[in-house]
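**Student:** This is what each chain is made of:
2 protein chains.
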Amino acid sequence: MPIFDKVRELAIIQSSAAVLDWDQETYLPHHATQYRADQLAWLAARAHELATSNAWKNDLEFAETTTQNSEPILAANLKELRREFDRATKLPLELVTRDSMACSLAKHSWADARKRSDFSSFAPHLEKLLEIAREKAELWGYDSEPYDALLDGYERATSTTAVADLFDAMRPALRDISSQAVEKSSAQRSCLPLGPYPIAAQQKFNAQVAEAIGFNFQAGRIDTTTHPFCATLGPRDVRLTNRYLESDFTSSLSGVLHEAGHGLYEQGLPVSDFGLPSGKPVSLGIHESQSRLWENHVGRSRSFWEKWYPVAQEIFPQLTNFSLQSFLNHLWRAEFSPIRVEADEATYDLHILLRFDLERRMMNGTLSVPDVPHAWNEGFRELFGFNPPDDRHGCLQDIHWSMGGMGYFATYTLGNINSAQLFAAAKRDSVVAAAIEQADYAPLLAWLTKSVHSHGATMDPTELIRHATGNVPSTDDYLAHLKSRYN
Amino acid sequence: MPIFDKVRELAIIQSSAAVLDWDQETYLPHHATQYRADQLAWLAARAHELATSNAWKNDLEFAETTTQNSEPILAANLKELRREFDRATKLPLELVTRDSMACSLAKHSWADARKRSDFSSFAPHLEKLLEIAREKAELWGYDSEPYDALLDGYERATSTTAVADLFDAMRPALRDISSQAVEKSSAQRSCLPLGPYPIAAQQKFNAQVAEAIGFNFQAGRIDTTTHPFCATLGPRDVRLTNRYLESDFTSSLSGVLHEAGHGLYEQGLPVSDFGLPSGKPVSLGIHESQSRLWENHVGRSRSFWEKWYPVAQEIFPQLTNFSLQSFLNHLWRAEFSPIRVEADEATYDLHILLRFDLERRMMNGTLSVPDVPHAWNEGFRELFGFNPPDDRHGCLQDIHWSMGGMGYFATYTLGNINSAQLFAAAKRDSVVAAAIEQADYAPLLAWLTKSVHSHGATMDPTELIRHATGNVPSTDDYLAHLKSRYN
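Chain order of the listed sequences is A and B. Counting in this note's numbering, the first sequence runs from 409 upward without gaps. Counting in this note's numbering, the second sequence runs from 409 upward without gaps.
Quick caveat, the hints were computed from the structure, so don't treat them as lab data. Some clues are possibly wrong.
Identical copies carry no separate label here, and so any pair may be met within one copy or between two of them.
[Claimed, not checked] Derived pair list, reagent style DMTMM-like, types lysine to aspartate or glutamate, alpha-carbon separation capped at 20 Å:
(1) Lys414 - Asp520
(2) Lys612 - Asp806
(3) Lys414 - Glu457
(4) Lys414 - Asp446
(5) Lys515 - Asp429
(6) Lys414 - Glu472
(7) Lys414 - Glu750
(8) Lys498 - Asp884
Work the whole structure out from these sequences, hints included.
**Tutor:** What follows is the structure in structure tokens.
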């Protein structure tokens, strides 16, 4: 079908750009950044040109009129291609250019403002980006409120109200759990034996673990970066990156389990459909469910460490006299801290609830940009019981707004919720559950591949959850997981 | 000027492909090769489309008619762009496709034939590639013989006769020098102390040396591959690669000096002209002169090691009681061996003379493909005094013919000749010469940048040599160098 040839060509362009992006984050020499931006801009322009062309539109229309609904995968592919095409073409080129320039300036301003903890210098940029976000929302269209249109870019077919309902339902429980967890953790403070944990040894251990949970190193690798990520450079080419603390090997191990979780999703997608919706991850909230599942449900479990702690003790001799229980207490520590990216399982979602609420109010016009720091601090104090020391540790800490990424944060907590619901459903299969107790994850991975990965983006995220777990998305399993972990 | 915008766009496409190529040689996961080929094919098609388009032709013609010859750089750029355009457009697409498919098949066949030392299975492929090479030569046109047209693709404005004259002039001397060198070397056999020379330590030492001779790690890096190379991924992005023997650190050091020589040339080109002829290396023979100069004239000199041998002794304790003279004897060892890529300075060019002669006869139709093994062995015995043990160590050893690279080999020896002529000319500057004696190479690099690098491809190679050295290309300095090294 001609439209699929074009979709595959687009995947070639975008995955080529992914190679250049990955290289930029891993190995690019310092002085080469400007030209790399030129190379990436050229590829982005070719991708945009193709995906918004009349030829694309005509081929898509032709496919739509000639396709029977009796072919569900084909129909799902065309439906998603239509959604993407409409989203891409509803924005005039002028707005796309203005947006990208505004983001470019805002990112510089944000980095500088954060360094100096000076919100006022960033405020005009946030103001402009908010205006653009509202313009985009109007052009894309929405059912109830403009935030819907942004959310749809990350988590399709989900409404702001639905997300708010989930978040509201868990808020009180989350506050209780987090308070208890922090209290308990401070009573059982457990300090990991002193490092150094040599980086080369960490890398070896991490690779061994990643391979054991099913990551295929014939179709992927791990490199080093400042900010860990997972990038797909081709249908059999999934690159994880990681960073290392010599003082604590569990930091890079959590990192690799998280990124390998993303990577296993990418490696589980149908290779022959690479670039088509049926060969793509469906949403950020589902992607994050995979990373969180392996990072937290597997990688912080007692059964996982019953197998792997003796291996770690072999590699890192300073662990010899440190008991498994002390080690788990270290892994399960919880504390209230102002920075999201350093937050533990027990407190992480409080950070998201705050951001979601503020973003939604900004988009609805009930929170003005100059009032953001005050609203942030007030919301933070209510959830965490103290004020952030300054805006650098408050409303300036995240890069997302400066990248025009409003609507993104919610998907982190959706990922947490989904991870628990999927893990609980997987364990209802007795073979999967028994294997997990032995730290054998092949049946779990097979279950995830069958229930999640193999479907690509042929179902909406909520439909996929219902299909995989038999239930609508709910916070029950997640709250139960947190309660059992922190009790 | 519009044509220059197009040239810069072409450079963006080609350098993006260079990133994907480099990644393929360094880090690409095993199962990702097929898709990488698809990505590279897409980029190659875009580059070809642009560089042979009517718009390109029209812009070039417009520039040619409006440009005054009083602007020499501009005129040189247009002249070279015209030459490249004519070469690219003289071949019909059908021939280009047939060529690329034939090469693809031939490469597989060659790898297999070499493994089994079975020339007859490769012969039909070589036959076909030879036919295509002749077709191409006819379409490109030539002055005296078809080989001219091939040579012109690697070493512009050089004739087969001119190369043959140089080679013929040095043949008798080269045979004497090599025989004496091999004899002397076998009398003074010096064995490097046993390894292991740890790879991490080699890498540290190599990087220290590369930086000391002027390689800029802010605009380049060194990675590991099976076959060392130097690739330019952008105007400030030069990637060297290297391989390591744990038994002999001088192997990787020679490798890094060779590739850094290429890299210093690339880093010395005018950054603002990236992609234009004035920002490009002029020819393979000049490129190789830079790698050979740093590898052999600098990196195998006594003054270089008077500075660096004590450093090496610090890093590799087994060298402690091995004298500098013994070490130099190890570096200067010479022997007759059948494999070109393992050959030393004293015998290397004999391998090239043989290949050049055979290629020329094949192109002229005086040597038929089935007779190649016999002709190879005969020519080899005449130069080296013994028969290669089999075709694997004979006419099947090099990848070049299977890649359609007929005409390429000559540039290796041109590089050797040029390196000596340039090094001798540089040393006629007393500041350069005095610094070299102290193993300070900043003045030498400045001289090379001024005399060679900064000119890009605005002069023909022979013109560049005359301009830089004051003399026409000649083998005098090269033979004098070999004589002095091996006497």
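**Student:** Since the copies are identical, ignore which copy is meant and state whether Lys414 and Glu750 lie within 20 Å (CA to CA) inside a copy, between copies, both or neither.
**Tutor:** neither (42 Å within a copy, 48 Å between copies)
**Student:** Is it within, between, both, or neither for Lys414 and Asp446, if the alpha carbons may be no more than 20 Å apart?
**Tutor:** Between copies only: 14 Å across, 24 Å inside.
**Student:** Can you give me the call for Lys414 and Asp520, within, between, both or neither, at a CA distance of at most 20 Å?
**Tutor:** neither (41 Å within a copy, 36 Å between copies)
**Student:** Between Lys498 and Asp884, at a C-alpha cutoff of 20 Å, which is it: within one copy, between copies, both, or neither?
**Tutor:** neither (38 Å within a copy, 70 Å between copies)
**Student:** Given identical chains, is Lys414 near Glu457, meaning Cα to Cα at most 20 Å, within a copy, between copies, both, or neither?
**Tutor:** both (11 Å within a copy, 18 Å between copies)
**Student:** What label fits Lys612 with Asp806 when the C-alpha limit is 20 Å: within, between, both, or neither?
**Tutor:** For Lys612 and Asp806, the Cα distance exceeds 20 Å both inside one copy (31 Å) and across copies (37 Å).
**Student:** Should Lys414 paired with Glu472 be assigned to within, between, both, or neither, using CA atoms and 20 Å as the limit?
**Tutor:** within (15 Å within a copy, 38 Å between copies)
**Student:** Checking Lys515 and Asp429: alpha-carbon separation at most 20 Å within a copy, between copies, both or neither?
**Tutor:** Close inside one copy (17 Å), not across copies (31 Å); limit 20 Å.
Hint compliance for this structure: hints 1, 2, 7 and 8 are broken, all remaining hints hold.
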